[in-house]
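Heads up: the sequence lines are chains A and B, in that order. Take the first sequence: its letters are residues 1 to 329, numbered as in the working numbering. Take the second sequence: its letters are residues 1001 to 1338, numbered as in the working numbering.
Among the clues, some could well be false.
Stated by the list, open to error - Some, not all, of what chain A presents toward chain B, calculated at C-beta under 8 Å:
| # | residue |
| --- | --- |
| 1 | Ser150 |
| 2 | Val183 |
| 3 | Gln186 |
| 4 | Leu188 |
| 5 | Ser214 |
| 6 | Ala251 |
| 7 | Pro253 |
| 8 | Ile254 |
Unchecked claim - In silico negatives: residues of chain B with every beta carbon more than 12 Å from chain A:
| # | residue |
| --- | --- |
| 9 | Ser1002 |
| 10 | Arg1011 |
| 11 | Leu1048 |
| 12 | Leu1058 |
| 13 | Ser1103 |
| 14 | Asp1112 |
| 15 | Asp1122 |
| 16 | Glu1132 |
| 17 | Arg1133 |
| 18 | Thr1140 |
| 19 | Arg1150 |
| 20 | Pro1238 |
| 21 | His1300 |
| 22 | Asp1301 |
| 23 | Arg1305 |
In case anyone wonders, no lab produced these hints; they're calculated from the structure. Backbone N, C-alpha and C define an ideal beta-carbon position, used for all residues, glycine too.
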Amino acid sequence: MSADGALMELSDVCVRFRTRAGEARAVDGVSLEWRRGEILGVVGESGSGKSTLARAMLRLVELDSGEAALVGAASGRKAGEAELRRRVQMIFQDPYQTLNPRQRVSAIVAEPLKVQGIPRDEHDERVRRAMDDVGLDADRYLDRYPHQLSGGQRQRVAIAAALVLEPEGLICDEPVSMLDASVRAQILKVLVDLQQRRGLALMFITHDLSLAWSLCDRIAVMYLGRIVEQGSAVDVIERPQHPYTEALVTAVPIPEPGGGGRRELLSGELPDATAVPTGCRFHPRCPKRFEPCDRVDPELIPAGGRDQLAACLLHDPTAGRKEVEAAGA
Amino acid sequence: MSALLEVSDLRVEHAGRAIVDGVDLVLERGEALGIAGESGCGKTTTALALMKLMPDSLTQSGSITLRPPDEDEPINIGRRTEAGMQLVRWRHISLIFQGAMNSLDPVQRVDDQIEEAIRLHDRKAGSKQVRERIADLLETVGLQAGLGRRYAHQLSGGQRQRMMIALALACGPSVVIADEPTTALDVVIQAQVLQLLERLRERLGLALILISHDLGVLAETCDRIAVMYAGRIVETGPVSDVFANPQHPYTKRLLDTLPVIGGNRGLAEPIPGGPPDPDDMPEGCRFRPRCPYAADKCLHDPALREVAAGHSAACHFAPWKEWPQVDVSRAAATGASG
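Build the full structure now, drawing on both the sequences and the hints.
Take a look at the structure:
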């Protein structure tokens, strides 16, 4: 864990999609710092906006407003796409969909080098190094096609392709949720070892809180397009400062006898991003809501441990967000 | 003494390869049995075999006996023909398929699908009676009555899963098999569905077979658990015993590597390799190539035997009083990365 500063800084990022049901505010004002050498978890359920946020960071979707800045960009203040994607890479959830089925592993892993114009004579060495980093025997696997690989092996190939440009950061969107339990542990080990050896910044997008607990240094919890809580993994999970985080943590079934016991469950489901509730967006489902919650949209403010922030009026009923645009836009 | 469901030496084969290789199960009335395992272990095939839903390319053998409380004679599923099974499925034993919430008929309103299920076993039911039963079912699964008029795509994932449960209950079975019922659901919805299954057990005296790769889900819901590996049960026992005191190296290693909220942070050493290829089964114990505790004895296939009260394991060295300190990253046969 180094305090080397930020790799990327997100300021008030907004990503909106026009749908038939109206405007979906998928990411609705997210500010976050992704620090070098740390494992940052972005946790939330489907519809929370976490995957859209990741894509926005890599400019795979356009930001409507706000900024996702790569710190220390070579080309002036704003990094071009090429530089961004050389320095930050991403791996995705479904190893069965990610790889081009008509390319051999060697071509898949070498492709980013081609795209970035790295000289051909450097490819072989860099590909082999990447394969070595992910624990795949180059001589055995380079000539194979994806259908000849298991899910875990495919995910390793995807990671190798992400590493071949020697990025400084790796965003992992549910990298293991489609893999079997015994294979998950292997892939996570590959990622964490890499992080330690190469000093990579890792961002883990996941709905799996147990995973975030065991791996991440810091966690940001997203709900309907916003960060509702963030802080160290231990603080956020052991001493949640937002009712949603609390609900998420208590909903996780524990693989221990008794399984965690009876508890208060949240009712209902996540509202649609086209119909974000007024005031605090969590208030309709919140067991602790009180008078101001349907009027005041809470700001992320310090609560709980060092560096822990929560957007909940229970900590300060007056801490409303400064609205950047008119309501009902 | 007679259990609700007894399965003995269940085998399912495809082109000479065993996918389910001699499985015994016992389910008592009102009990929840969990079947745990990773892909390819045979747990879904076991579920399909209990319902005799095997495609023709697979051969099934072994005895399956169901003794529903509302029947005088036991039902010998193993011997039933397809015509005979039509009287048994949904009426006495139901299956919620994996990914079932995506298998609702997209062009039929949901309550019409429930009606169809009810009429399968009760052709003479009056329409008022059926409507009441549907309303009752929806209420039982925690859905507002009006949702019945919707189409599948108009429901959320959690609502569709509840619909599947309603369908499974429509004809009043005493056993429901649920194959990965919460896998595609978010954690809060998952918890709601599990709570629902628990309430159904209490309210209707339902027996449940819950199949999941998620040990947390099974720990939460089940009384007993059977762990499958490569087509066989390698450990079975009360949930509290198996989790507190696993007796098979596979179960133990799986539990070691599972991240648990509030537990140890950081990564435990993973189990090397992957599950065996059915075409290339290891000699002797099927887990041997990945087992850090394996010895020469393990070249002989261990039988599943009782090692503590109600707790069985298929390991020569069980009962394990404590686990030796070994380098768990070295398996008996070093080899392929998973």
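Results for each hint:
Because the beta carbon of Ser150 (chain A) sits about 6 Å from the nearest beta carbon in chain B, less than 8 Å, this interface hint is met. For Val183 (chain A), the shortest C-beta to C-beta distance to chain B is roughly 4 Å, which falls under 8 Å, so the interface hint holds. With a least beta-carbon distance of about 4 Å to chain B, the hint placing Gln186 (chain A) at the interface is held under the 8 Å criterion. Interface restraint check: Leu188 (chain A) against chain B, minimum CB-CB distance 6 Å, threshold 8 Å, status holds.
Interface hint at Ser214 (chain A): satisfied, since its Cβ lies 4 Å from the closest Cβ of chain B, which is below the 8 Å cut-off. Satisfaction of the interface hint for Ala251 (chain A) is found here, the shortest Cβ-Cβ separation to chain B being roughly 4 Å, below the 8 Å cut-off. For Pro253 (chain A), the suggested interface contact is upheld, since its CB lies about 4 Å from the closest CB of chain B, less than 8 Å. A least Cβ separation of about 6 Å between Ile254 (chain A) and chain B falls short of the 8 Å threshold, and the interface hint therefore holds.
At roughly 28 Å from the closest C-beta of chain A, the C-beta of Ser1002 (chain B) stays outside 12 Å, upholding its exclusion from the interface. Under the 12 Å C-beta cut-off, the non-interface status given to Arg1011 (chain B) relative to chain A holds; the minimum distance is some 23 Å. For Leu1048 (chain B), the requirement that its beta carbon stay farther than 12 Å from each beta carbon of chain A is met, with the minimum near 20 Å. Chain A leaves Leu1058 (chain B) outside its interface by the beta-carbon criterion, the shortest separation being 22 Å against a cut-off of 12 Å.
Ser1103 (chain B), annotated as away from the interface, keeps every beta carbon of chain A farther than 12 Å; the closest lies near 20 Å. With a minimum CB-CB distance of about 24 Å to chain A, Asp1112 (chain B) clears the 12 Å threshold, and the non-interface call stands. Distance check on Asp1122 (chain B): its Cβ is at least 33 Å (rounded) from any Cβ of chain A, clearing the 12 Å threshold; non-interface status holds. For Glu1132 (chain B), the condition that its CB be more than 12 Å from all CB atoms of chain A holds, with the nearest at approximately 26 Å.
The claim that Arg1133 (chain B) is not at the interface with chain A holds, since no C-beta of that chain comes within 12 Å of its own (minimum 26 Å). Here Thr1140 (chain B) stays apart from chain A, with its beta-carbon at least about 17 Å from theirs, past the 12 Å limit. Listed as outside the interface, Arg1150 (chain B) is consistent with that label: its C-beta sits roughly 15 Å from the nearest C-beta of chain A, beyond the 12 Å cut-off. Listed as a non-interface residue, Pro1238 (chain B) fails to keep its Cβ farther than 12 Å from every Cβ of chain A; the least gap is roughly 9 Å.
For His1300 (chain B), the requirement that its beta carbon stay farther than 12 Å from each beta carbon of chain A is met, with the minimum near 24 Å. With a minimum CB-CB distance of about 21 Å to chain A, Asp1301 (chain B) clears the 12 Å threshold, and the non-interface call stands. With 12 Å as the threshold on Cβ separation, the claim that Arg1305 (chain B) sits away from chain A holds: the shortest Cβ distance comes to roughly 23 Å.
Hint check: a violation occurs at hint 20 only; the rest are consistent with the structure.
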